[in-house]
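Between the sequences and the hints, there should be enough to build the whole structure, so can you do that?
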Amino acid sequence: MENLLSGEKRQMLTSTMVAELIQQAKEKQVVGCFPLYPPVELFSSMGLLPVVLWNLKGSIVNLETSDKHIQQYACGIARELAQFAMSDTGEMLDAIFSYNACDTLRNLPEIFDRSNTLAGRNIPMFRMHLPQVDRSQCNPEEYLENEVVLLIHKIEEAFNTKFSKELFYQMSKKYFIMRKLCCESEKLVAKGLLTFESFCRVVLSGYALPVETHINHLKTLIDSAKTDQCSMEKKVVISGIMPPPPPVIQALENKNMRVVANDIASLSRSYAYNPEPNDDPIAFYSDLYARRFPCTTLLYTSDARKDAVLDMVSESGAQGVIFCGEKFCEHEYFEFPYMKKQLNERNISTLFLEFSADDMDHIEAHITRVEAFSEMI
Amino acid sequence: MSTREKTSAGKHLTNILTKGYMDLHQKAAGGSFCVWIAINVPAEIFAGFENVVYAVPESHSAMCAGKGIGAAMCEKAENIGYSMDLCSYARIDIGNATDGGKDSPTFGLPKPDLLVSNNNNCSLLTKWFDVHHREWNVPHFIMDIPFCYEPQKAKDHTYIIQQIRDLIGLVETLSGQSFDVDRYTEAVHFSWEGIRQWKRFLDMARHTPSPITAFDSFVHMAPFLTQRGKPVLSQHFSLLADEAEKRIADSDFPVPNETYRLFWDNIAPWHQLRSMSKRLGQLNANIVGASYTSCMGTVEGSFGLYEWDEKDPFDYVARTMNAYMCPHGMELRHAAMKQVIEDLTIDGVIFASNRSCKPYSITQMDQQKQISEQLGVPAILIEVDHADVRKYNEENAFVRIEALLETIESRRNKGHI
Numbered sequence: 001m002e003n004l005l006s007g008e009k010r011q012m013l014t015s016t017m018v019a020e021l022i023q024q025a026k027e028k029q030v031v032g033c034f035p036l037y038p039p040v041e042l043f044s045s046m047g048l049l050p051v052v053l054w055n056l057k058g059s060i061v062n063l064e065t066s067d068k069h070i071q072q073y074a075c076g077i078a079r080e081l082a083q084f085a086m087s088d089t090g091e092m093l094d095a096i097f098s099y100n101a102c103d104t105l106r107n108l109p110e111i112f113d114r115s116n117t118l119a120g121r122n123i124p125m126f127r128m129h130l131p132q133v134d135r136s137q138c139n140p141e142e143y144l145e146n147e148v149v150l151l152i153h154k155i156e157e158a159f160n161t162k163f164s165k166e167l168f169y170q171m172s173k174k175y176f177i178m179r180k181l182c183c184e185s186e187k188l189v190a191k192g193l194l195t196f197e198s199f200c201r202v203v204l205s206g207y208a209l210p211v212e213t214h215i216n217h218l219k220t221l222i223d224s225a226k227t228d229q230c231s232m233e234k235k236v237v238i239s240g241i242m243p244p245p246p247p248v249i250q251a252l253e254n255k256n257m258r259v260v261a262n263d264i265a266s267l268s269r270s271y272a273y274n275p276e277p278n279d280d281p282i283a284f285y286s287d288l289y290a291r292r293f294p295c296t297t298l299l300y301t302s303d304a305r306k307d308a309v310l311d312m313v314s315e316s317g318a319q320g321v322i323f324c325g326e327k328f329c330e331h332e333y334f335e336f337p338y339m340k341k342q343l344n345e346r347n348i349s350t351l352f353l354e355f356s357a358d359d360m361d362h363i364e365a366h367i368t369r370v371e372a373f374s375e376m377i
Numbered sequence: 001m002s003t004r005e006k007t008s009a010g011k012h013l014t015n016i017l018t019k020g021y022m023d024l025h026q027k028a029a030g031g032s033f034c035v036w037i038a039i040n041v042p043a044e045i046f047a048g049f050e051n052v053v054y055a056v057p058e059s060h061s062a063m064c065a066g067k068g069i070g071a072a073m074c075e076k077a078e079n080i081g082y083s084m085d086l087c088s089y090a091r092i093d094i095g096n097a098t099d100g101g102k103d104s105p106t107f108g109l110p111k112p113d114l115l116v117s118n119n120n121n122c123s124l125l126t127k128w129f130d131v132h133h134r135e136w137n138v139p140h141f142i143m144d145i146p147f148c149y150e151p152q153k154a155k156d157h158t159y160i161i162q163q164i165r166d167l168i169g170l171v172e173t174l175s176g177q178s179f180d181v182d183r184y185t186e187a188v189h190f191s192w193e194g195i196r197q198w199k200r201f202l203d204m205a206r207h208t209p210s211p212i213t214a215f216d217s218f219v220h221m222a223p224f225l226t227q228r229g230k231p232v233l234s235q236h237f238s239l240l241a242d243e244a245e246k247r248i249a250d251s252d253f254p255v256p257n258e259t260y261r262l263f264w265d266n267i268a269p270w271h272q273l274r275s276m277s278k279r280l281g282q283l284n285a286n287i288v289g290a291s292y293t294s295c296m297g298t299v300e301g302s303f304g305l306y307e308w309d310e311k312d313p314f315d316y317v318a319r320t321m322n323a324y325m326c327p328h329g330m331e332l333r334h335a336a337m338k339q340v341i342e343d344l345t346i347d348g349v350i351f352a353s354n355r356s357c358k359p360y361s362i363t364q365m366d367q368q369k370q371i372s373e374q375l376g377v378p379a380i381l382i383e384v385d386h387a388d389v390r391k392y393n394e395e396n397a398f399v400r401i402e403a404l405l406e407t408i409e410s411r412r413n414k415g416h417i
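Line order of the protein sequences matches chains A and B. Just so we're aligned: the first sequence equals residues 1 to 377 in this note's numbering. Just so we're aligned: the second sequence equals residues 1 to 417 in this note's numbering.
Just so you know, these hints were derived from the structure itself, not from any lab. Backbone N, C-alpha and C define an ideal beta-carbon position, used for all residues, glycine too. Accuracy of the hints is not assured; some may be wrong.
Taking lysine to any residue and the SDA-like style, the derived pairs with C-alpha atoms no more than 20 angstroms apart in a straight line are [to be verified]:
(1) 187/A - 216/A
(2) 153/B - 149/A
(3) 155/B - 128/A
Over 10 angstroms on every C-beta distance to chain B, these chain A residues come out as not near it, computed from the model [as the list claims (entries may be wrong)]:
(4) 29
(5) 111
(6) 134
(7) 225
Okay, here's the thing in structure tokens:
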């Protein structure tokens with residue numbers, strides 16, 4: 001790990017995430033987790049550092065390696081993940097975890113494994129199948145229990161470690177605090193006392209940090225909140241897999257739009273449901289996956305999703321919803337027309353923005369559309 | 001491939017498909033409980049009920065694309081907000097639903113009482129069926145079938161059987177009908193008989209020149225999707241195999257000067273069947289097999305027939321729920337491809353990178369390297385979309401195909417093949 005990312009490439013990577021990771025990788029073994037919702041508490045409790053591999057734009061130089069393995073009609077998250085895992089940055093990973101998050105992601109582990117093997121890297125690959133049945137029609141609990149137990153055994157075997165109920169409890173408690181702080185921060189953003197931009201930066205950076213560090217960053221963020229009256233008058237909700245790029249968020253806030261709630265997979269869909277600390281990982285994950293805030297990728301939450309989003313919009317008093325499409329993400333794209341219709345019937349304005357791995361050059365067009373939207377609501 | 005007159009099997013296909021869609025509409029209109037299913041939902045289950053019919057939107061979309069109306073139907077979905085990046089089967093189906101099947105060759109599909117999707121071919125099917133679930137307020141049952149990186153595990157097999165039983169219970173509740181396991185067993189038997197004949201048909205491609213093309217298999221696979229669990233399946237595939245056998249006896253081959261034997265990987269390019277086969281024939285090239293049609297009736301890692309001992313239909317159906325390519329990991333796909341390349345003496349492989357089917361396509365770039373580098377078989381990647389002709393460029397595709405043929409020729413001249 002000492003010689004990791006030496007030379008020119010290292011200098012090119014300006015991301016704090018990579019810098020943090022390089023530091024962390026000296027101290028802990030790193031498990032690179034596929035998005036969206038890996039069992040991070042479990043990895044942490046077993047002495048590993050789980051890093052959820054999204055929000056990687058700033059951590060990769062280009063998509064050259066990815067483009068040799070994956071077609072460009074895969075979503076940006078998958079392409080950036082592939083680039084990260086199969087190039088020099090992947091050397092930081094001591095293991096890779098994946099689950100059946102989507103059709104594209106499920107095909108990547110073998111590509112990574114083959115590539116890493118050819119490059120002489122022997123990285124253990126962990127995976128589990130997250131049951132996607134509708135719990136009102138089928139009972140997946142026994143299956144999920146078995147998956148969690150198998151995963152624990154594989155981690156124990158790969159890292160010569162032992163699962164501890166006590167450590168799991170301690171870790172689930174820390175993640176409970178972290179999620180609670182995320183919710184608190186979100187409320188401050190909703191009141192206009194924190195910017196959405198700073199909120200996104202801190203929450204997203206947490207995916208590459210030990211939870212203890214993330215908690216400290218969140219506390220600092222909360223302490224930095226303004227106490228005076230907010231000047232941002234227009235209330236919007238943002239929905240998508242990832243928040244928009246920082247320049248678009250800045251444009252949004254400069255135009256007096258306040259993000260009063262979010263339905264974003266890497267933000268509220270990840271922390272909105274906060275299970276109580278537990279020393280039993282089976283009970284913990286059974287509860288967490290069953291009751292997690294609805295997401296387009298959790299197939300069994302489809303019915304709950306409509307009401308969850310509409311309630312969010314209604315309770316926050318939002319005047320508009322901005323959908324941030326991750327280009328080529330079918331899970332999201334199948335839902336946009338329906339959600340748009342539902343919102344428009346309730347006189348809520350909607351704006352659809354589409355972001356892909358290659359389109360940072362077109363950011364001005366997105367900013368113009370955001371500005372126009374601000375004038376409409 | 002020369003243009004041939006419609007054969008007996010061709011006429012039989014038209015008859016059974018027409019009758020199948022007419023029966024479906026009539027029975028649904030007459031009060032039968034109608035289920036829409038994804039293609040690898042085990043349709044035999046519904047034969048276990050007195051009065052349940054099923055429709056397969058994917059097959060209907062393929063038919064629309066084959067009839068040349070796929071793009072127009074996609075546009076109907078795009079006009080109500082569905083992205084052009086979504087699967088063209090889904091767009092055709094959603095477009096079709098916007099006007100009650102006005103332009104469909106089958107007058108669309110009767111409205112369902114239940115939707116049954118699964119997520120092993122692709123999870124977007126579940127999202128697609130959710131569109132109808134929400135629009136029509138029809139129940140939606142999701143079969144959650146674990147993806148196979150290795151041959152199906154016992155824990156997954158048990159989980160699938162549990163879901164099949166849950167599905168049966170749901171149909172009983174919603175339809176008010178009782179499930180008869182004997183009828184179900186008989187239906188699985190009919191499908192099994194059919195798939196055996198299908199394999200007999202595909203195996204004819206071992207002969208050089210081949211009496212069949214992959215395009216024949218694309219066209220004739222439809223009954224396996226819409227007529228599962230019925231005796232007509234076996235009758236049809238038996239007729240098809242007999243015809244191919246006779247062609248060998250008569251030396252009547254679709255590409256008489258077959259010089260290049262190719263293999264196709266991905267869903268059929270439905271809008272190109274006629275033109276692509278004709279143009280390939282002019283180049284003395286025959287796509288003699290396709291992973292898309294070879295995987296029917298198989299399990300992971302092989303295109304060989306998965307044998308059933310005719311005992312437990314639940315066990316067999318659950319075991320073959322991972323048939324088709326998309327539910328398999330890259331190494332399993334490679335194992336099956338490797339074997340078929342040897343069995344059919346394949347000269348080159350066409351990987352059709354399909355913008356409408358990421359689960360089929362995403363591993364292809366690595367597979368292409370494996371086939372070329374490990375097996376020494378030239379392989380190309382061409383861009384297609386299975387049902388949206390607007391995303392296909394014939395000239396670009398054929399520039400690559402012709403380059404493939406030149407590579408094969410060059411390797412032959414150097415004594416590599």
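Going down the list of hints, with the structure as the test:
1. Distance hint between residue 187/A and residue 216/A is fulfilled; the C-alpha atoms sit about 18 angstroms from each other, no more than 20 angstroms.
2. Distance check on the hinted pair: residue 153/B and residue 149/A sit about 16 angstroms apart at the alpha-carbon level, within 20 angstroms; holds.
3. Of the supplied pair hints, the one linking residue 155/B and residue 128/A holds, its CA atoms being roughly 12 angstroms apart against a limit of 20 angstroms.
4. The claim that residue 29/A is not at the interface with chain B holds, since no C-beta of that chain comes within 10 angstroms of its own (minimum 23 angstroms).
5. Annotated as non-interface, residue 111/A brings its C-beta within 10 angstroms of a C-beta of chain B; the closest such distance is 5 angstroms.
6. Here residue 134/A does not stay apart from chain B, with its beta-carbon only about 6 angstroms from theirs, under the 10 angstroms limit.
7. Non-interface call for residue 225/A relative to chain B: holds, since the shortest CB-CB distance, roughly 38 angstroms, exceeds 10 angstroms.
When held up to the earlier numbered hints, the structure conflicts with 5 and 6 and fits the remainder.
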